[in-house]
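Same order as they appear, the protein sequences are chains V and L.
Heads up: the first sequence begins at 1 in my numbering, then just goes up one per residue.
Heads up: the second sequence begins at 1 in my numbering, then just goes up one per residue.
Because the hints were derived from the structure by calculation, they are not lab data.
The model shown is predicted, which means the values in this text are computed figures rather than measured ones.
Please note that a few of the clues may not be correct.
[Unchecked claim] Calculated pairs, SDA-like style, for lysine to any residue (alpha carbon to alpha carbon, straight line, at most 20 Å): (1) 3(L) - 59(V); (2) 102(L) - 51(V); (3) 73(L) - 102(L); (4) 70(L) - 22(L); (5) 71(V) - 102(L); (6) 73(L) - 55(L); (7) 70(L) - 55(L); (8) 102(L) - 79(V); (9) 102(L) - 100(V); (10) 16(L) - 78(L); (11) 102(L) - 73(V); (12) 102(L) - 75(V); (13) 73(L) - 31(L); (14) 102(L) - 52(V); (15) 3(L) - 102(V).
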Amino acid sequence: DGGITQSPKYLFRKEGQNVTLSCEQNLNHDAMYWYRQDPGQGLRLIYYSQIVNDFQKGDIAEGYSVSREKKESFPLTVTSAQKNPTAFYLCASSIRGTGASNQPQHFGDGTRLSIL
Amino acid sequence: AQKITQTQPGMFVQEKEAVTLDCTYDTSDPSYGLFWYKQPSSGEMIFLIYQGSYDQQNATEGRYSLNFQKARKSANLVISASQLGDSAMYFCAMREGTSYDKVIFGPGTSLSVIP
Numbered sequence: 001d002g003g004i005t006q007s008p009k010y011l012f013r014k015e016g017q018n019v020t021l022s023c024e025q026n027l028n029h030d031a032m033y034w035y036r037q038d039p040g041q042g043l044r045l046i047y048y049s050q051i052v053n054d055f056q057k058g059d060i061a062e063g064y065s066v067s068r069e070k071k072e073s074f075p076l077t078v079t080s081a082q083k084n085p086t087a088f089y090l091c092a093s094s095i096r097g098t099g100a101s102n103q104p105q106h107f108g109d110g111t112r113l114s115i116l
Numbered sequence: 001a002q003k004i005t006q007t008q009p010g011m012f013v014q015e016k017e018a019v020t021l022d023c024t025y026d027t028s029d030p031s032y033g034l035f036w037y038k039q040p041s042s043g044e045m046i047f048l049i050y051q052g053s054y055d056q057q058n059a060t061e062g063r064y065s066l067n068f069q070k071a072r073k074s075a076n077l078v079i080s081a082s083q084l085g086d087s088a089m090y091f092c093a094m095r096e097g098t099s100y101d102k103v104i105f106g107p108g109t110s111l112s113v114i115p
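Just chain V, with the same shape it has in the complex:
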């Protein structure tokens, strides 16, 4: 079955540590996204990528970094510069271009990150 796999499901970060969240998709989608969700809140866009080796900052990119070396993979690194990283992180993908206007995003099951 095609879909998006996020790992790990739960992640703990120590002070001053960088951690990387994995996102892999086998849907052959060009566009991939990372969102942060705080308890009881909406999804805020961190980064998105339209194509391999290219990505754009979203609304809350500070303290995060991404790479897109392969179409299938879009890992998110939460750096030590992100002082309040505790949140639920969702990865999504979709087709892109003019044919994408009515296409919903496909989401992974999320990673819950906490500070130790």
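Based on the hints, put chain L in the right spot on chain V.
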């Protein structure tokens, strides 16, 4: 800048009744798409319904329908015959522009269905 507002942080509805969840959006682009997603307590995101800015008719999908008022920039979700399983967070989202690649979400509405 694009922005989505959902003014109802929490809503209650009696089982089997209909409920309307509000969504207003702000965009200067004439071409955009609006989506509604459901997020149960498990955290998964479930796509419910889509409305395009050029669609002439309001979208419907089973018990879900959209009350789309383009001039008012609103796209309210109507759930008919509410069920206990409808209890969840509901998010309105928008794609805009020629590439449609950037997708932003509203803050969400928490719906509780009462038996």
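Which constraints among the numbered hints does this structure fail? Numbers only, ascending. 8
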